[in-house]
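*Asks:* If you read the protein sequences in the order shown, they are chains E and V.
Residues 1 to 398, numbered by the working numbering, are exactly what the first sequence covers, in order.
Residues 399 to 796, numbered by the working numbering, are exactly what the second sequence covers, in order.
Hints should not be assumed to be uniformly reliable.
Which bits of chain E does chain V cover? Going by a derived footprint, with three or more residues having C-beta under 8 angstroms, they are [said to hold, decoys possible]:
1) 44–53
2) 116–129
3) 243–257
Here are the simulated DMTMM-like pairs of lysine to aspartate or glutamate, each with C-alpha atoms no more than 25 angstroms apart in a straight line [unchecked claim]:
4) E:Lys2 to V:Asp629
5) E:Lys210 to V:Asp629
6) V:Lys608 to E:Asp205
7) E:Lys247 to V:Glu664
8) E:Lys247 to V:Glu440
9) E:Lys2 to V:Glu591
10) E:Lys247 to E:Asp176
11) V:Lys645 to E:Asp250
12) E:Lys397 to E:Glu266
13) V:Lys400 to E:Asp231
Worth flagging that the hints you see were computed from the coordinates, not collected in a lab.
What you are looking at is a predicted structure, and each value in this text was computed from that prediction instead of being measured.
Glycine is no exception: its CB is placed at the ideal position from the N, C-alpha and C atoms.
2 protein chains.
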Amino acid sequence: MKNQELIREKVTQATQILNEFDVDLWLTFVRETTLSPDPALELIADVDVTWQSAFMLCRDGAHVAIIGRFDRENVEQLGVYPQIIGYDQGIAEHLRTVLAEKAPRTIAINYSENDVAADGLSHGMYRSLQNILAGTPFADRLISGEKIIAALRGRKSPAEVERVRQAIATTEALFDEVEAFAKPGMTQRQIAEFVRGRIDEMGLDYAWPKPFNPIVTCGPDSAVGHAAAGDVVLQKGHTLHLDLGIKQNDYCSDIQRMWYVLDDGETEAPPEVQRAFDVVYGAIKAGESLLTPGTPGWQVDEAARDFIVDNGYPEYMHAFGHLLGRVAHDGATVLGPRWERYAGICELPVEVGNIFTLELHVTVPDRGIMSLEEDVLVTENGVEYLSNPQTALRYIKS
Amino acid sequence: MKNQELIREKVTQATQILNEFDVDLWLTFVRETTLSPDPALELIADVDVTWQSAFMLCRDGAHVAIIGRFDRENVEQLGVYPQIIGYDQGIAEHLRTVLAEKAPRTIAINYSENDVAADGLSHGMYRSLQNILAGTPFADRLISGEKIIAALRGRKSPAEVERVRQAIATTEALFDEVEAFAKPGMTQRQIAEFVRGRIDEMGLDYAWPKPFNPIVTCGPDSAVGHAAAGDVVLQKGHTLHLDLGIKQNDYCSDIQRMWYVLDDGETEAPPEVQRAFDVVYGAIKAGESLLTPGTPGWQVDEAARDFIVDNGYPEYMHAFGHLLGRVAHDGATVLGPRWERYAGICELPVEVGNIFTLELHVTVPDRGIMSLEEDVLVTENGVEYLSNPQTALRYIKS
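Required output: the full structure, derived from the provided sequences and hints.
*Replies:* Here it is in structure tokens:
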């Protein structure tokens with residue numbers, strides 16, 4: 001499916017969502033989008049624009065774009081904006097005219113304290129919009145579009161799910177290649193560079209910046225978190241962990257896999273390593289069992305978090321899961337605890353069509369971290385795994 | 399020069415600028431910067447962060463970062479933030495504490511109606527900051543950081559100039575390759591794909607998105623502006639125009655070059671084509687002569703624009719020049735007319751250390767457009783060309 005068709009699919013979905021939330025008009029107001037991208041724009045218009053531009057979707061199905069003259073042809077080619085105004089000197093008068101024609105009672109704009117993916121309107125552009133609308137009835141009709149954007153971004157269409165599925169399949173094949181490649185004595189960096197070499201060869205992109213992708217954790221001496229792969233050496237008796245996300249055809253994967261490096265004479269992992277795997281796996285299953293439409297995100301997190309703590313490990317200091325799509329952290333909803341930094345977005349309900357990561361880790365002293373991450377689709381009846389879940393430790397032999 | 403050293407150079411420059419503008423503290427407040435980048439952040443911290451993060455530069459030279467725990471190591475490695483607070487649950491209390499310690503009378507934040515490069519703070523993050531500061535004396539001390547950011551971004555350090563110079567040299571070598579490659583009968587797309595193939599082979603990046611880079615205009619039937627290279631065929635007796643910008647080592651070029659495709663029996667361009675070249679070249683020289691420190695941008699534009707109109711061509715419907723640096727459109731100042739869409743930024747004065755593009759076009763009926771773009775550095779004494787200016791038409795032979 002080509003991008004144009006995907007955009008058409010999402011724009012049609014947006015009209016339904018406007019009606020569902022009783023909003024008359026959704027305004028995406030942007031400029032210089034290569035320097036200052038609005039994450040919502042790529043959902044409804046796969047273009048970059050230069051000067052101040054307005055993309056308006058109305059609940060009656062009307063679509064209007066006001067853009068600089070030199071960007072006009074690119075928006076025309078999308079084929080989803082029947083009314084396009086290409087201006088030369090300024091947008092203000094055109095925008096006031098279109099709003100007067102459409103006479104919306106509510107105008108959703110792209111800001112959100114909680115959801116970064118719904119917060120593409122800059123504060124300067126907000127002030128600019130206020131100036132343009134000053135003296136019109138529309139200045140007081142602006143509302144946050146966070147619900148509209150969260151629904152539009154979060155409810156994946158079948159074509160979007162298919163793209164994520166492809167990215168995941170590619171990622172899993174890469175993990176198989178890592179298993180054949182990695183040997184004790186290699187550094188984190190060598191393993192990361194092997195993976196990046198393969199991604200570059202295939203002409204694929206990265207779900208998060210390349211210097212930190214994949215994250216490679218070797219044994220107990222690696223930093224945990226978002227650090228670049230460094231010089232720690234993979235050793236026998238240690239765990240090997242990769243966190244890898246690729247972007248293929250505009251959609252992402254985000255998966256973590258675990259290996260244990262067999263020590264001389266070993267045929268399986270020592271009990272404390274195996275137990276850590278079993279508990280992390282069990283916690284993912286515990287969370288998954290609550291991942292049903294309507295459940296608030298924090299309850300899903302709580303099930304996994306309690307499982308870890310009940311098994312004697314310290315809780316993980318992050319969320320159990322996030323949405324996955326055009327980027328790795330694909331906006332609200334978060335499957336996270338009720339901490340300040342997840343305020344609002346951890347209260348949002350799980351919806352059909354959401355694709356979530358499910359992830360957490362524990363640490364095994366002297367061995368390394370144990371961290372898994374699966375990618376799953378929420379369906380009417382529960383959860384469909386898009387990744388082939390890791391149900392057993394994998395092994396690196398020397 | 400490595401990125402760390404470049405960052406250190408810019409952070410030192412920022413302290414001087416805070417003193418120059420009498421601002422106590424500059425706060426860059428960001429989250430999920432891969433999805434929602436702030437153009438100012440890359441100047442002072444070459445990292446991405448996940449949770450709400452605060453980078454604070456003080457006029458006394460103090461640098462403080464408050465970031466999520468998992469991003470801590472990356473900021474430490476920069477070596478320019480002696481005080482780093484890595485938090486787990488939320489940033490609010492830490493931010494209030496640091497501000498209480500520093501007690502700034504003014505806090506510059508990243509919003510600007512006029513300058514997109516100084517407008518990285520989202521409206522949702524602005525509201526979030528207001529909530530965090532509610533009840534403290536600092537809520538009323540927020541001001542726009544646009545002057546600070548414009549100065550920091552616009553006044554290129556010697557190391558930054560050197561990087562732009564490298565990108566330009568690479569671009570000019572590519573133009574030579576195009577001249578050897580292009581033949582009548584080829585499409586815009588074939589020529590663009592040749593250039594992109596070479597850029598990809600060299601492992602370089604693009605100054606603006608690849609589908610629209612280079613812009614290739616063949617004769618009178620190509621769209622003018624930001625469109626993707628299409629199926630128009632290069633023909634004898636037509637002009638060939640390329641607008642190409644690469645990104646090398648984080649810094650950009652942005653250059654336009656002109657060829658004429660000799661028709662059978664021709665040894666030079668027909669008079670109307672030659673005259674168009676001469677007038678466009680003359681207009682660039684006319685603008686260049688006013689490009690001196692202290693001159694407002696619109697006066698530079700006016701000199702070039704008047705030259706075009708005085709020579710009987712219609713004026714170009716864009717600005718004569720823009721800043722060039724980490725991106726192709728590198729923020730304020732613009733050398734543009736006093737139109738609504740250049741409000742504010744065309745009034746700003748040219749400064750020493752600015753790198754500007756100088757560009758404009760006219761159209762030759764039945765032949766195609768005639769469009770040039772040079773990259774120049776503003777010095778104490780005037781202008782230094784970083785590109786080798788095109789002083790004569792170039793030719794494609796069959």
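*Asks:* Would you mind marking each hint as holding or not holding in the structure?
*Replies:* Hints, verified against the model:
With 4 residues having a beta carbon nearer than 8 angstroms to a beta carbon of chain V, the region 44–53 of chain E meets the requirement of three or more and the stated coverage holds. Counting residues of the region 116–129 of chain E whose C-beta lies closer than 8 angstroms to any C-beta of chain V gives 13; at least three are required, and the coverage claim holds. Check result for the region 243–257 of chain E against chain V: violated, 0 residues qualifying (beta carbon to beta carbon below 8 angstroms, three or more required). For the suggested pair Lys2 (chain E) and Asp629 (chain V), the alpha carbons sit about 19 angstroms apart, so the restraint of at most 25 angstroms is met.
Our distance criterion of 25 angstroms between C-alpha atoms is broken by Lys210 (chain E) and Asp629 (chain V), whose separation comes to about 34 angstroms. Only pairs whose Cα atoms come within 25 angstroms are accepted, and Lys608 (chain V) paired with Asp205 (chain E) is accepted, the gap being roughly 14 angstroms. Of the pairs offered as hints, the one joining Lys247 (chain E) and Glu664 (chain V) is violated, with about 51 angstroms between alpha carbons and a cut-off of 25 angstroms exceeded. Restraint check for Lys247 (chain E) and Glu440 (chain V): satisfied, since their Cα atoms lie roughly 23 angstroms apart, inside the 25 angstroms limit.
For the proposed pair Lys2 (chain E) and Glu591 (chain V), the alpha carbon gap of about 20 angstroms is at most 25 angstroms, so the pair holds. For the proposed pair Lys247 (chain E) and Asp176 (chain E), the alpha carbon gap of about 18 angstroms is at most 25 angstroms, so the pair holds. Distance check on the hinted pair: Lys645 (chain V) and Asp250 (chain E) sit about 22 angstroms apart at the alpha-carbon level, within 25 angstroms; holds. As the CA atoms of Lys397 (chain E) and Glu266 (chain E) are separated by approximately 10 angstroms, the hinted pair is consistent with the 25 angstroms bound.
Our distance criterion of 25 angstroms between C-alpha atoms is met by Lys400 (chain V) and Asp231 (chain E), whose separation comes to about 20 angstroms.
Checked against the numbered hints above, the structure breaks hints 3, 5 and 7 and satisfies the rest.
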